[in-house]
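Build the full structure now, drawing on both the sequences and the hints.
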Amino acid sequence: MTRTIAIANQKGGVGKTTTCVNLAASLAAMKKRVMLVDLDPQGNATMGCGVDKYAIERSIYDVLVHRVPVAEVRCSAGDAGFDVLPANGDLTAAEVELLQVDGRERRLRASLATVTGDYDYILVDCPPSLNMLTVNGLVAADGVIVAMQCEYFALEGLSALLDTIRRVAESVNASLELEGILRTMYDPRNSLTNEVSAQLHAHFGDRVFRTVVPRNVRLAEAPSHGMPAMYYDKYSRGSRAYLALAGEMIRREERLAAETGSD
63 MTRTIAIANQ KGGVGKTTTC VNLAASLAAM KKRVMLVDLD PQGNATMGCG
113 VDKYAIERSI YDVLVHRVPV AEVRCSAGDA GFDVLPANGD LTAAEVELLQ
163 VDGRERRLRA SLATVTGDYD YILVDCPPSL NMLTVNGLVA ADGVIVAMQC
213 EYFALEGLSA LLDTIRRVAE SVNASLELEG ILRTMYDPRN SLTNEVSAQL
263 HAHFGDRVFR TVVPRNVRLA EAPSHGMPAM YYDKYSRGSR AYLALAGEMI
313 RREERLAAET GSD
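Once you know that position 15 of the sequence shown is 77 in the working numbering, the rest is easy, because the numbers rise by one and skip nothing.
Hints in this document: simulated from the structure, not taken from any laboratory.
One should not assume that every hint holds.
Subject to a maximum C-alpha distance of 30 Å in a straight line, what follows is the list of computed DSBU-like cross-link-like pairs (lysine-lysine) [to be verified]:
id, residue 1, residue 2
1, 93, 296
2, 296, 94
3, 73, 296
Label-pair restraints from in silico Cβ distances [what the hints assert, rightly or not]:
id, residue 1, residue 2, range
4, 228, 318, 19 to 27 Å
5, 158, 319, 18 to 26 Å
6, 299, 217, 20 to 28 Å
7, 218, 176, 22 to 30 Å
8, 131, 221, 31 to 39 Å
9, 236, 163, 18 to 26 Å
10, 319, 218, 29 to 37 Å
11, 323, 154, 21 to 29 Å
Cβ coordinates follow ideal geometry from the N, Cα and C atoms, glycine included.
Printed below as a string of structure tokens:
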């Protein structure tokens, strides 16, 4: 069964796109069938997968606005082993155009329903804001991974995002849940980092992933080479962290499946 996961945070610069690209590559390396959906008009996830956002003929914009089938728009991330539903600047117009459409918040969900059998995981990179594109991502998802730095203001932003997730679950997508909180750019030498991390554990328990993503130069460099970090430097701390995260996610799902099966 396909699991669709949105990676979200309305705050920019927290490693959301880095997480989406590298988690997709890591899950693919573990023989999972994966598609990354780029819902950000900046198209950073698209470029980070090695797909030229300026050269594509069609994008997620055409899927959302003109209802072009996903199968006609998706493309390969090459050696990284997963598919990409790419984005570019055209997507900016979708925000306005979708406002005139009935069922606008369900457009992505309906489109992805046609290809769910092709994948084990669909990862959705949401834009760094709580707009109609992000709502489409949340409505299409089964779970949400919140990528966040362990900083004071991050907790405030987390509260707003969780409120949005709750409202989407109550009104449009009852199956939506918090998949987990991922601590990014993690520096255990920083006392504030440790303090915020402790607060997250106190409030969310095992919803906080055990895996943390450290500050890592290789993670920052990889997108400029158009490849996930594990193909840029597979021995880097960042690459190993995302492989660990993929393993943690898979084990968690296997455990939940076993528990459900035993009921």
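>> Of the numbered hints stated earlier in the document, which are not met by this structure?
In response: 5, 7, 11
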